[in-house]
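Asks: Protein chains in written order, with this note's numbering: chain A, 1 to 232; chain B, 1 to 640; chain C, 1 to 250.
Read the hints as simulated data drawn from the structure, not as lab findings. Everything numeric in this text was worked out from a predicted model, so none of it was measured. There's no promise every hint is true.
Short derived list, chain C residues pointing at chain B, Cβ under 10 Å [unchecked claim]: (1) PHE23; (2) GLU25; (3) ASP120; (4) PRO174.
Derived DMTMM-like pairs (lysine to aspartate or glutamate); straight-line CA-CA distance at most 25 Å [to be verified]: (5) C:LYS96 with B:GLU318; (6) B:LYS84 with C:GLU33; (7) B:LYS20 with C:GLU143.
According to the in silico footprint, chain C covers these stretches of chain B (three or more CB under 8 Å from chain C) [stated by the list, open to error]: (8) 61-70; (9) 97-109.
From the three backbone atoms N, C-alpha and C, an ideal C-beta is built for every residue, glycine too.
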Amino acid sequence: MPSLLKAMNSQVGRKIMTGITGVALMLFLIGHLAGNLSIFGSADAFNIYTKTLMDLGPLLYVIEAALAFLFLYHTVLGVSIWLKKRKARPQSYDTYKTKGGPSHQSLASRSMIISGSVIFIFLILHIIHFKFGAEYTTMIDGVEARDLRQLVLEEFQKTWVVIAYVFVLALTILHLSHGFWSAFTSLGMKNQNRSKKIQMTAYAFAIILMLAFIFIPLYIYFTGGQGSLITY
Amino acid sequence: MKLDAKIPDGPLEQKWSRHKKEMKLVAPNNKRKYEVIVVGTGLAGGAAAASMAELGYKVKSFCIQDSARRAHSIAAQGGINAAKNYPNDGDSIWRLFYDTIKGGDYRSREANVYRLAEVANEIIDQAVAQGVPFAREYSGLLDNRSFGGAQVSRTFYARGQTGQQLLLGAYQAMMRQVYEGNVEYFPRHEMLDVVVIDGKARGIISRDLVTGELMRFEADAVVLATGGYGNVFYLSTNAKNSNVTAAWRAYKRGALFANPCFVQVHPTCIPVSGDYQSKLTLMSESLRNDGRVWVPREKGDKRHPNDIPEEERYYYLEERYPSFGNLVPRDVASRNAKMVCDEGLGVGETGLAVYLDFRDAIKRDGLESIKARYGNLFDMYENIAGENPYKQPMRIFPAVHYTMGGLWVDYNLMTNIPGLFATGEANFSDHGANRLGASALMQGLSDGYFVLPATIGNYLADEKPGTRYGTDHEAFVQVEKEAQEQIDRLLNVNGKRTIIDFHRTLGKIVWDKIGISRNKEDLESAIKEIQELREEFWKDVYVPGEKNNYNKYLEFAGRVADFFELAELMAKDALDREESCGCHLRDEYQTEEGEALRNDKDFAYVSAWEFKGLNGKLETELHKENLEFEFVELKQRSYK
Amino acid sequence: MSKEMTIHLKYWKQNGPSDPGHFEERTLDTVNEHMSFLEMLDVLNEELQLDGIDPLEFDYDCREGICGSCNLVINGQAHGPKDKTACCQLHMRNYKDGDKITIEPPRAAAFPVIKDLVVDRSAFDRIIEAGGYISVKTGSAQEANATPIEKEASDASFDYATCIGCGACVAACPNASASLFTGAKIAHLNHVPQGELERTKRVVAMVDQMKEEGFGDCSNFAECEAVCPVGISISAIAEMRRDYVKAVIS
Ligand SMILES: Cc1cc2nc3c(=O)[nH]c(=O)nc-3n(C[C@H](O)[C@H](O)[C@H](O)COP(=O)(O)OP(=O)(O)OC[C@H]3O[C@@H](n4cnc5c(N)ncnc54)[C@H](O)[C@@H]3O)c2cc1C
Ligand code: HEM
Ligand code: HEM
Ligand code: SF4
Ligand code: F3S
Ligand code: FES
Numbered sequence: 001m002p003s004l005l006k007a008m009n010s011q012v013g014r015k016i017m018t019g020i021t022g023v024a025l026m027l028f029l030i031g032h033l034a035g036n037l038s039i040f041g042s043a044d045a046f047n048i049y050t051k052t053l054m055d056l057g058p059l060l061y062v063i064e065a066a067l068a069f070l071f072l073y074h075t076v077l078g079v080s081i082w083l084k085k086r087k088a089r090p091q092s093y094d095t096y097k098t099k100g101g102p103s104h105q106s107l108a109s110r111s112m113i114i115s116g117s118v119i120f121i122f123l124i125l126h127i128i129h130f131k132f133g134a135e136y137t138t139m140i141d142g143v144e145a146r147d148l149r150q151l152v153l154e155e156f157q158k159t160w161v162v163i164a165y166v167f168v169l170a171l172t173i174l175h176l177s178h179g180f181w182s183a184f185t186s187l188g189m190k191n192q193n194r195s196k197k198i199q200m201t202a203y204a205f206a207i208i209l210m211l212a213f214i215f216i217p218l219y220i221y222f223t224g225g226q227g228s229l230i231t232y
Numbered sequence: 001m002k003l004d005a006k007i008p009d010g011p012l013e014q015k016w017s018r019h020k021k022e023m024k025l026v027a028p029n030n031k032r033k034y035e036v037i038v039v040g041t042g043l044a045g046g047a048a049a050a051s052m053a054e055l056g057y058k059v060k061s062f063c064i065q066d067s068a069r070r071a072h073s074i075a076a077q078g079g080i081n082a083a084k085n086y087p088n089d090g091d092s093i094w095r096l097f098y099d100t101i102k103g104g105d106y107r108s109r110e111a112n113v114y115r116l117a118e119v120a121n122e123i124i125d126q127a128v129a130q131g132v133p134f135a136r137e138y139s140g141l142l143d144n145r146s147f148g149g150a151q152v153s154r155t156f157y158a159r160g161q162t163g164q165q166l167l168l169g170a171y172q173a174m175m176r177q178v179y180e181g182n183v184e185y186f187p188r189h190e191m192l193d194v195v196v197i198d199g200k201a202r203g204i205i206s207r208d209l210v211t212g213e214l215m216r217f218e219a220d221a222v223v224l225a226t227g228g229y230g231n232v233f234y235l236s237t238n239a240k241n242s243n244v245t246a247a248w249r250a251y252k253r254g255a256l257f258a259n260p261c262f263v264q265v266h267p268t269c270i271p272v273s274g275d276y277q278s279k280l281t282l283m284s285e286s287l288r289n290d291g292r293v294w295v296p297r298e299k300g301d302k303r304h305p306n307d308i309p310e311e312e313r314y315y316y317l318e319e320r321y322p323s324f325g326n327l328v329p330r331d332v333a334s335r336n337a338k339m340v341c342d343e344g345l346g347v348g349e350t351g352l353a354v355y356l357d358f359r360d361a362i363k364r365d366g367l368e369s370i371k372a373r374y375g376n377l378f379d380m381y382e383n384i385a386g387e388n389p390y391k392q393p394m395r396i397f398p399a400v401h402y403t404m405g406g407l408w409v410d411y412n413l414m415t416n417i418p419g420l421f422a423t424g425e426a427n428f429s430d431h432g433a434n435r436l437g438a439s440a441l442m443q444g445l446s447d448g449y450f451v452l453p454a455t456i457g458n459y460l461a462d463e464k465p466g467t468r469y470g471t472d473h474e475a476f477v478q479v480e481k482e483a484q485e486q487i488d489r490l491l492n493v494n495g496k497r498t499i500i501d502f503h504r505t506l507g508k509i510v511w512d513k514i515g516i517s518r519n520k521e522d523l524e525s526a527i528k529e530i531q532e533l534r535e536e537f538w539k540d541v542y543v544p545g546e547k548n549n550y551n552k553y554l555e556f557a558g559r560v561a562d563f564f565e566l567a568e569l570m571a572k573d574a575l576d577r578e579e580s581c582g583c584h585l586r587d588e589y590q591t592e593e594g595e596a597l598r599n600d601k602d603f604a605y606v607s608a609w610e611f612k613g614l615n616g617k618l619e620t621e622l623h624k625e626n627l628e629f630e631f632v633e634l635k636q637r638s639y640k
Numbered sequence: 001m002s003k004e005m006t007i008h009l010k011y012w013k014q015n016g017p018s019d020p021g022h023f024e025e026r027t028l029d030t031v032n033e034h035m036s037f038l039e040m041l042d043v044l045n046e047e048l049q050l051d052g053i054d055p056l057e058f059d060y061d062c063r064e065g066i067c068g069s070c071n072l073v074i075n076g077q078a079h080g081p082k083d084k085t086a087c088c089q090l091h092m093r094n095y096k097d098g099d100k101i102t103i104e105p106p107r108a109a110a111f112p113v114i115k116d117l118v119v120d121r122s123a124f125d126r127i128i129e130a131g132g133y134i135s136v137k138t139g140s141a142q143e144a145n146a147t148p149i150e151k152e153a154s155d156a157s158f159d160y161a162t163c164i165g166c167g168a169c170v171a172a173c174p175n176a177s178a179s180l181f182t183g184a185k186i187a188h189l190n191h192v193p194q195g196e197l198e199r200t201k202r203v204v205a206m207v208d209q210m211k212e213e214g215f216g217d218c219s220n221f222a223e224c225e226a227v228c229p230v231g232i233s234i235s236a237i238a239e240m241r242r243d244y245v246k247a248v249i250s
């Protein structure tokens, strides 16, 4: 049988890995959303959440490294699939049209590389923005901790930041509406009878998840961080 | 020339097994010193290449298409026979043998046909082991159906794509040997001639259809598995690339061509709709299991078929042949369709069609079960004819389908040129004057998997292993030169009429005069017309393009040129055979009821024609192989 | 009576792999609605020849939708607009008077153009060669009914086995991937018990060969299923992946 390395580099292996990393990233997003939503909880909830993470110490680095690896691996695969396809069809058609029916060619599926690339750029900026952003401090249970909540609330007062976030998050809907369904097929779980249901679930998942994300900057922006959800 | 069919002695049931025991063998370590050229990758060629390579011979495989998997065998729909007797309905090897001999109207060899019936069972085993997904019952066991002219259920099938599935089995087996390095594979190559040295076939000249280059290949034996010549009619159910070239060039190098006039016309095809028509599409005759054939009783009844009441419908097959009804053999069904149309009862725009009606079957078994059985055929019909056969009867008409004639071979499938073998539809061997449904696949695979791989050893054992004359031998040089000259000649005519135009005109002559029924007067005038048209062809044909490039029209031109010569031989053969038998109906020789009237006293022979020259007309010499019937009694066929 | 139409054709001409190729145009005035698409091209070629112009080369053989020779890309769709229909079975009644039709060859690095619309699909043969079979020597098979096969399994196997090897899946796939073709053969053989023994070896060898030939990866666009003339489902691709994982794990 092929060595694991060779297998992961085969056309099937690569696709399975995009699927696995994609699903892992979706799980991360769910977790990240849950964490982010705590900003609407009690005054300290969000900072307690981030502090708990910080307190993991070296373990956090391991998790972060794993996360970075996931993102990078997923990105490398996505980009390489895209590059290979250009090599596999050096001359494009004069006229090209999808035949519809069972085809999953759509704005979403065709723009995976674009939505993905935007997400990637966003990620870098996002991490610089928050993780390495201004250091406010606050006290939690008598211990000094970083006040990320303050940073988030402040940043989302800026119109351009909110617009940028909403734009990227909307693009992520696109990415996931194909990605969710696609991952099922990549992982060998495609089944003629279920395919429609999976696609519907994918749309629902992508829209609900990302609307929840989008809700955060919009709400903060329009309530000036003073809305009733946000209790001081 | 004395024709020796080399039929082994002994009781019919033991001939093949005894022959296998007695044949000479090639030692395993010597096998790889022998090279065998197999031209054609249909069931016959594909199976043979795979099986011989498995035995250890070095095989070179050629086909015209871009892949071996596309050989014309792929199109067979209905099924393949074998006397497994799974349904327990009284079938046996003997009965399959008997039906085939009788179906062929006693114009085939008993020994060959018996062997075919015997080997058939193994074919099914082989195909199943290769993963061919035959139809199955809920028990998980293989399903059978009854098929054209058989009173037992012995036809194995894979929906309407039996030929495809069997061919893919053979193709895959062959590709395995390509991978192993035992088969060298030359797709998009057309064999243009065979090279004979010291009276033995030693190689071929082929044309690389992509570059146009002529190439020489040497081997210890050459197998032609190049299919039938139905395309001489221009319109037929054969694939567009089917042709007679390989067999014809062998004929011109001295191989005998047997029974060229035996051409089967299939009763259930979609009728012609216009001049532009390039081929005819067959509807599997399994449709006749449930469909009822009829025409209006009144001449010129232009009503919609659904509006014609029961009593005004003429179910002519059921009325004329009460015991077989719609399941009479192909020739009987075709002839009757032509007869009712000649009487003016034909339907459709052209009046050249009869109805095949499923109304009653749908009522009896339900729409779903008819759909399950014939769904893809119905869809195909609707797509082509633009009418829905669930709602109104199909229109069908006979079309040329299969050629029983072909290169003469002995019991070992060897032609009269030592080292030159012919298998599958390309030979004449097993179907006599008419082929039963589902038995061409059986013959192709029996030849390819089981017979040839055994009998070729018997020939090779006497050949010194590794004998090579080299492709610089003058015979190779000479044959290649002739092939090149023919190509140049075609390109240089530079006339005004297109190849298709000529082919269509030739086809019409052959269909009208050497078609479903023939008579002396027509045949004689056909010969004249063919000769004249042939002359014109060589004066006025336009062959476009270059020779050193992919050029399909140049390929066609060569094939049409050969059809022009073959057509004349068909007419001569039909003229010689002053009797009716099987599909060969001479108007002069019929019973009062219009049935074929055989003359066993004077015509129980295989006509084997030898080429003597071509000088405006085809010069030939006829050799007769007398058919002896030791085991069956010759009966007038009756399907009443 | 049948209708005649005027059809404007724009088709690809390329005189060999190294020629860059170009489009040519011609209008046909006598296209009959009952003609098949390829018969329409026959008519085009007759006209071209009578004008002393080299005819347009395209591949075909059976003209019944079963041999898989034909593979034109018509107005940007492999095999044209009709569902589950090879272009040789596409009839002109699907078009209307005055339509403009663009015809291109399948475009893929793994399918180099031989001439005009004729391409070299031998890559498919090599994928089969790599493992698309059950290794059973002639004559060594057991009695056919010795191993019953569930009807469902056998039917499923058949559904995948009907692939005609036309390459439309590659032509239509935005990535020029051969996954549907390869998956179909793997699924065909893996659904019957006879195929079990070589299951893992087969999938690995065929998947490797696919890459070797320069086809693209599969991004699950499912366009291949949409154009496949026999309607092979991309479940075949999913099965190929499942089998591949099993092969790696084992
Ligand atoms: C529509 C249709 C349906 C049929 N249905 C049935 C059925 O249900 N049951 C049944 O038993 N029979 C059926 N038949 C008949 C049967 O399919 C054929 O008789 C049989 O498949 C012939 O197989 P073959 O191997 O002899 O030749 P083919 O399959 O015709 O193969 C010929 C091969 O020779 C090659 N070739 C030819 N000339 C050359 C050359 N000069 N150089 C190089 N290569 C060459 C071709 O490329 C091809 O590979 C049907 C036939 C048709 C037309
Ligand atoms: C939150 C982050 C992300 C999530 C949740 C995510 C999720 C997914 C999922 C589930 C898939 C489907 C996998 C499959 O078909 O098997 C996918 C595919 C893809 N992703 Fe992402 N992705 C993310 C980020 C990115 C990034 C940063 C890129 C960078 C370019 C990217 C590029 C792609 C591409 C190109 C594909 C299509 C792969 C193909 O063509 O087969 N994605 N993604
Ligand atoms: C409204 C939307 C979002 C908000 C409010 C938000 C908020 C934050 C904050 C506050 C951090 C810093 C956490 C820390 O340093 O511990 C962070 C980190 C991060 N975010 Fe987001 N985020 C949002 C959307 C996203 C999206 C869409 C993605 C993925 C595509 C993403 C990926 C990440 C990653 C990878 C980190 C770094 C995690 C780490 O290193 O621990 N975020 N986010
Ligand atoms: S999977 Fe479909 S489209 Fe692809 S080669 Fe097979 S039949 Fe053609
Ligand atoms: S269209 Fe192409 S991307 Fe995959 S699902 Fe089909 S091979
Ligand atoms: S020509 Fe055979 S499938 Fe179209």
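Asks: Now tell me, hint by hint, if it's right for this structure.
Replies: Cross-check of the supplied hints:
Residue-level restraint check for PHE23 (chain C) is violated (minimum Cβ-Cβ distance to chain B is 19 Å; threshold 10 Å). With 10 Å as the threshold, the beta carbon of GLU25 (chain C) stays out of range of chain B, its nearest partner Cβ sitting at about 19 Å, so the hint is violated. Restraint check, ASP120 (chain C) versus chain B: the minimum CB separation of about 7 Å is within 10 Å; hint holds. Given the 10 Å rule on beta carbons, the hint for PRO174 (chain C) is violated: about 24 Å separates it from the nearest Cβ of chain B.
With a C-alpha separation of about 43 Å, the suggested pair LYS96 (chain C) and GLU318 (chain B) falls outside the 25 Å cut-off, and the hint is violated. Using a Cα cut-off of 25 Å, the hinted pair LYS84 (chain B) and GLU33 (chain C) is violated, with the two alpha carbons roughly 47 Å apart. Our distance criterion of 25 Å between C-alpha atoms is met by LYS20 (chain B) and GLU143 (chain C), whose separation comes to about 21 Å. For the segment 61-70 of chain B, the stated coverage by chain C is satisfied: 6 residues place a CB nearer than 8 Å to a CB of that chain, which reaches the threshold of 3.
Only residues whose beta carbon comes within less than 8 Å of a beta carbon in chain C count, and the segment 97-109 of chain B has 0; fewer than three means the coverage is violated.
Violated hints, in rising order: 1, 2, 4, 5, 6 and 9; the structure is consistent with all others.
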